[in-house]
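We have chain E; now place chain H onto it with these hints.
Now for the letters of each chain:
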Amino acid sequence: MKEHPIIELKNITKNFGDQQVLRGIDLNIYENEFLTLLGPSGCGKTTILRIIGGFEEASDGQVLFNGDDIAKLPPYKREVNTVFQKYALFPFLNVYENVAFGLHLKNVDEDVIINKVDKMLTMVGLKGYEKRDVTSLSGGQQQRVAIARALINEPKVLLLDEPLGALDAKLRKDMQIELKKIQKEVGITFVFVTHDQEEALTMSDTIVVMNDGIVQQIGSPIDIYNEPQNRFVAEFIGESNIIEGTMIRDCLVKFDGIEWECVDKGFRENEEIEVVLRPEDMDVIPATDAKLCGKIVSKVFMGVHYEYMVETANRQYKVHTTENYELGTEIGLTIDPYDIQVMHIG
Amino acid sequence: MRLKKISLGPKLYIAVCFLFFYLPIAVTMFFSFNSSKSLTHFTGFSLHWYEKLLTDQNILAAVYVSISIAIFATIISTILGTITAIGLSKSRKVLKEWILNVNNIPIMNPDIVTAISLMILFTSARLERGYITMLLAHIAFCTPFVITSVYPKVRSMDHNLADVAMDLGATPFQALTKVIVPLLRPGIFAGMLLAFTMSLDDFVVSYFVTGNGVANISIIVYNMTKRINPTINALSTLLILAVVIVLVGVNLWPAIKAKRRGNPKYQAVTKRKSKKLVPILAGICIIAVGITCVTQFSAISSKQVLRVFNSGEYIDMDLIAQFEDEYDCQVVYETFDSNESMYTKLQSGATYDILVPSDYMIERLIEEDYLKKIDWKQITHKDDIIPSLMENNEFDPKNEYTVPYYWGTVGILYDTNVVDEEDLAQGWEILRNPKYKGDLYMYDSERDSFMIALKTLGYSMNTTNKKELLEAYDWLIQQRETMDPVYVGDDVMDNMISGNKALAVVYSGDGTYVIDENEDMSFFVPEQGSNVWTDGMVVTKDCNNMELACQFMDFFLDKEVAIQNTEYIGYDSAVQSVYDYYREGDYAGNPGCGPDTSNPLNEVFRNQPQKIKAFTANLWTKIKSHK
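Chains as they are written, first to last, in my numbering: chain E, 1 to 346; chain H, 1 to 627.
No wet-lab data here; the hints were simulated from the structure.
Be aware that one or more of the hints could be misleading.
Stated by the list, open to error - Once the Cα atoms are required to be at most 16 angstroms apart in a straight line, the calculated EDC-like pairs of lysine to aspartate or glutamate come out as:
hint, chain 1, residue 1, chain 2, residue 2
1, H, K257, E, E97
2, E, K180, E, D212
3, E, K119, E, E154
4, H, K257, E, D205
5, E, K156, E, E79
6, E, K86, H, D369
7, E, K77, H, D163
8, H, K622, H, E519
9, E, K86, H, E471
10, H, K37, H, E51
11, H, K178, E, E97
12, H, K377, H, E547
13, E, K173, E, E154
14, E, K119, E, E97
15, E, K291, E, D264
16, H, K541, H, D369
17, E, K170, E, D196
18, H, K435, H, D369
Claimed, not checked - Footprint (simulated), chain H over chain E, 3 or more residues, beta carbon under 8 angstroms:
hint, region
19, 69–77
20, 142–156
These figures come from a predicted structure and were not determined experimentally.
No residue lacks a Cβ here, since even glycine has one placed at the ideal position from N, Cα and C.
So here's chain H without its partners, still in its complex pose:
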């Protein structure tokens, strides 16, 4: 009896560990078969997301980039690292120790430092960023790992064995391949595995050194997480499956090999085969690299190219393909995760033709002379744009730089079953109504949170008055203390579809989407005024083909195109007819769709002075860490 009790503890511990490790993976795999977009409600089995995954050119391209880069980086860094390790063992002690220490620096270095250093290096060397730079970067950060795992094996190796091989008739090269490499195999193998995994799941370095639309899985997934996209689950499931197959194969391989080793005759046959197989495989690899390079360069050189830099999940990729066909050009499409990271990339010297930033960022780009004026004569659909979006634009007063893309406002999404209609009159103040304590989501955004507080207090959301900002700070602190709000990102949509809480601060487009999925939800924009935001397409100074750029922007103002694009994005289109189409059609009566923005208290975010930015950022940190 006692014995049993003792043995239960460790088992339970193991069980909990495994649960902790594998539950997230299991959940991901489970929901990859969900028929709806929800990540919390299983609505039925379907292979819909797999189908979507396999037809998504973007993801497939990223899978190819990730895997091919991982393979090449692994092969090259393994060769480099192994040779270095062997060479090191023969060099003088001082040099050896020195190099080994230097070798550790890139390993210990934070990824971000490596990433930025490489980015600066490639920029100053005027290397065009893309596949090659990403490959070079991966080789650079993988090689130290190979050296670290191979070197101990080299040190413990019997150096006589190389002499023995040469004594038996092996040339130095044969001694290397037939004796030294097999001796080091465990170390080389460990190094290869490390290099491969490091390369395959690298995000930070890849993100900074890539360009020209080349993206690996990590970058694509990271940009996809901006919106709920269960395709990620399907992709993750397939990746996990691949890893499991590889691991099982690696573990079973010695057993299979041992079996085959039995018969020398049989072995002789296989040896002959493998002898031919190696050069063939090497040949295939080289040809593959060649093709990759050639297709990359030829594609760039033969057609006119448009480089577009957009927020993640903010365009229907099918439309880009359609545009490429119609105008016989190539669109190099890249995505960013925030206006700020886009700005960083621009500063680092990345060049694009078209950007799609938000209002305040456009203002900043205009101020800092990054943009070119648009040739409005070439925008045939100019008059189709919602007139109000073309008037009184403080961020671009004369409408010289911006072609509005999508727009919306910020409001409150509420559960009609829980929230009293009368309470809505309180406007933003409802977020401090004790009745809903612990029952609300705030949007995890510095400017939107301050906007809410400032608007409630009757101030401008673009205020530069520190006293007013401090009052807003007090308002938010008090809300944190009394209301227990949860700060969330885009997961707010999924949570609200599931009806997890009664109130949530959301963008109008997201509100539309939630209401469409959950009829109990409704949306309103408080009377105190709100942020009315516009994302616009702008043309950079680096653009040499204004005609093509204008054709691209004009293309997305076309009614048919914009309808399809809006279907995908779910925000309010800047095209009047499309806006009306949705307001009167599918989303008629949905208060999140095309909310009333005529309220004079509404404002547009402005680019603020650096000092004020730092001041609010500091206050925001305090609010977030307040207990």
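Here chain E stands alone, though its shape is the one from the complex:
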């Protein structure tokens, strides 16, 4: 799957006035991949999308499409299509006319158009809505129209700019699954922009975590979650306890005055590091058997599990478990070696 990059960004920078929003982005996007640009608002992820779409020009660097530089190509000549934030449907056209817009521009035979629109609307589950006014549709339906309108042009890459942002939680979940399904069906590359880490983890083949105009980490959802490379990634994706410590030697780390076995290697001896501990990886054991002990100071029921704050000698730990403990209980905590993620400080 990863042999052939369809889009390559090489050292892209972008300035808006004095403000630098992209600081040297290098990124390869491969065929048939579902790639997500994830980061807080203002991190530059939408700007990358607009540069690929042709709506912004990079201040410096190269954009290659199948090996050709497309920096000077206007949007209407690029083999990519975009699904915009807030749908951006044409209010003066009905569902059929919205979807058919791109084909009408190309002067495709109307019989062919009718056929294709029919196929697209079937795919997004809106068959029979052809004559409806787009303003009369629900948010989810409008989003499906926007997707169909972009896909009907058979682009090599579909860009999606926070397309689910305006939907409610339940609809979001459904659409996430549906989008993934559509991507598999049409078999093209999706570049998806979001600030919602859960959405990114659910759908993506590859996640690109960004902050402040810089790529923080690129990897599969599992890699990103389990092995965050820095504090930003760890904090942004999922919940975590981040603790400063020292790498004694390979596979032995020391924090809170206690030495722990781990699986990380390749650090200098006695290097100052940070350790990421996911709350659900913290196992509760009887206090008498534990290297690390503490008292439960807060308890919140989260549905499937409880979230406890455990006060230890040095700090509070966030712990997720399905077991029920009373407030004030003294408990012990332990962590399996493979659940300890050691990061460089940076």
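Same frame as chain E, now just chain H:
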């Protein structure tokens, strides 16, 4: 019961409103079918005025000018305004606010200021005034309205949509035509409608910037109102009808469209058609503009041209056509509504060959060196002119500049059933006879009113003595207080035909006309003396073709021509044989026709010093506003 009472009020209110809005229109439409000229008496159904309308080349030309200018001005100003509005939304805030404020100035500006500014601009740019200048002016005053109505739509538009269109493969131009324009359509449509109506009913600006005989409906109608002409009613009725059809169409269009939108297949077919239709329509428009321009210029260049500036409704247009045929030339004919507005146009740099002003204005034009001496050798009918009109002309003492056209005097029209013959001996003083209180019309004219008072007091009507003028002022004030006179314009004729009041101050020609329509009426010129006026044809310094000018003036002195012209105008011809023809023929015994003007107390209006003009104008304002 109570409920019913409450609901009646609003209904009544609506009814009264509608009555107020539509009654005038209804009356106009009703009288367009009148068989006679009257605007107050319905004498029978007829399509006479419609027939006249459709055969009147002048009006048809004006309709063409009005509509074509409105269409072109609308199209061009809509395009300009829309592009400006879109551009503005993308420009810096300071610039945007500044331009929007500047844009409001022409909208708030009084029309007359816009009109005069444009006139001066065109004059100084040496643009020949006519169709093109009128079109430019209309574009100029329509565009701000389009910007104002399109801009809010641009601001509220989702700017992403243009990006979306380009993303889907639209070029920037396609994004404009297929997305931005449809999005702005309500605003553009409102702007277009505004521009079209503004252009179609503009009078002031058009009046000042036009020239070379190009006139729109407003100008023609305005000049036509000088005399009663029910053709206006027919024209108005047709215009109202057109507006109603357009409005109904606009309101029904969305419904028709919605129906057609149903079937995508059908829509595909119509789309193909409309795609071809747009360039075809655009092509037709361009060709039409082209033809208009070409015909205008070629007509001007190929034949010799005579530019005539005359009072409205003061010539039979058929005769002009006849003259053009006979002498193989083109007459560019324009009309004015008063001597003063004619003078203003001359001052602004408009050029003509022949003018037809009144006596005192001729004197002024001579004094200010606007006129050329006439080559009398070329006027073959010189000896046919009534000799008295060629003697003792104080405004043109040596008869070097004026070929008399029509003439007449001012007198009193009275209802023989109401007014005692004996009272006529009082002369002008009858206008202050308490017996006829509330039963008389005065003519709404400063100089004629002062003439009456001055003559009654035994002074010259051309006096420059302020004491005498003040006495005349007192006379008129006292008349206002005791007699309750109604000051009227040309509607006096219609009112007198209907016998609405017993006495009226009228021109002799108008008297002739009224007596012809209502046998109970009679006319006399008081012994104290009156204004004997002459309108003459004069040649301006701008005239380069004295031969043609003389041929034109001579043509209208021809007996046959003058008879036909007099038939149309209804005043006394300056041609002796024609004057006699009417006096002895159709109007024999009609005292308004060729009244006795031998009274030595009669005078001709003279051009007065500016100071005296201002003094009397001031007094006149006071009289008019006196309660």
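Evaluation of the provided hints:
1. Distance restraint check for H/K257 and E/E97: the Cα-Cα separation of roughly 15 angstroms lies within the 16 angstroms cut-off, and the hinted pair is therefore satisfied.
2. About 28 angstroms separates the Cα atoms of E/K180 and E/D212, which puts this hinted pair outside 16 angstroms; it is violated.
3. Taking the CA atoms of E/K119 and E/E154, the gap is near 12 angstroms; set against the 16 angstroms cutoff, the hint holds.
4. Between H/K257 and E/D205, the direct Cα distance comes to roughly 47 angstroms. Violation of the 16 angstroms bound is thereby established for this hinted pair.
5. With a C-alpha separation of about 6 angstroms, the suggested pair E/K156 and E/E79 falls inside the 16 angstroms cut-off, and the hint holds.
6. Among the hinted pairs, E/K86 with H/D369 is inconsistent with the structure: their alpha-carbon atoms are about 75 angstroms apart, more than 16 angstroms.
7. Our distance criterion of 16 angstroms between C-alpha atoms is met by E/K77 and H/D163, whose separation comes to about 13 angstroms.
8. Distance hint between H/K622 and H/E519 is unfulfilled; the C-alpha atoms sit about 37 angstroms from each other, more than 16 angstroms.
9. For the given pair, E/K86 sits about 83 angstroms from H/E471 by alpha-carbon distance, which is inconsistent with the 16 angstroms threshold.
10. Taking the CA atoms of H/K37 and H/E51, the gap is about 14 angstroms. The hint holds against a cut of 16 angstroms.
11. Taking the CA atoms of H/K178 and E/E97, the gap is about 12 angstroms. The hint holds against a cut of 16 angstroms.
12. The hinted pair formed by H/K377 and H/E547 meets the criterion: a straight-line CA distance of about 10 angstroms does not exceed 16 angstroms.
13. At most 16 angstroms may separate the alpha-carbon atoms for a hinted pair to count; E/K173 and E/E154 exceed this at roughly 26 angstroms.
14. At roughly 14 angstroms between alpha-carbon atoms, E/K119 and E/E97 fall within 16 angstroms of each other, so this suggested pair holds.
15. For the proposed pair E/K291 and E/D264, the alpha carbon gap of about 20 angstroms is over 16 angstroms, so the pair is violated.
16. Distance hint between H/K541 and H/D369 is fulfilled; the C-alpha atoms sit about 8 angstroms from each other, no more than 16 angstroms.
17. Of the supplied pair hints, the one linking E/K170 and E/D196 holds, its CA atoms being roughly 14 angstroms apart against a limit of 16 angstroms.
18. As the CA atoms of H/K435 and H/D369 are separated by approximately 50 angstroms, the hinted pair breaks the 16 angstroms bound.
19. With a cut-off of 8 angstroms between beta carbons, the region 69–77 of chain E has 3 residues touching chain H; three or more are needed, and the interface restraint holds.
20. Coverage of the region 142–156 of chain E by chain H holds in this model, with 3 residues showing a Cβ closer than 8 angstroms to a Cβ of that chain against a need of three.
Violated hints for the displayed structure, listed by number in ascending order: 2, 4, 6, 8, 9, 13, 15 and 18.
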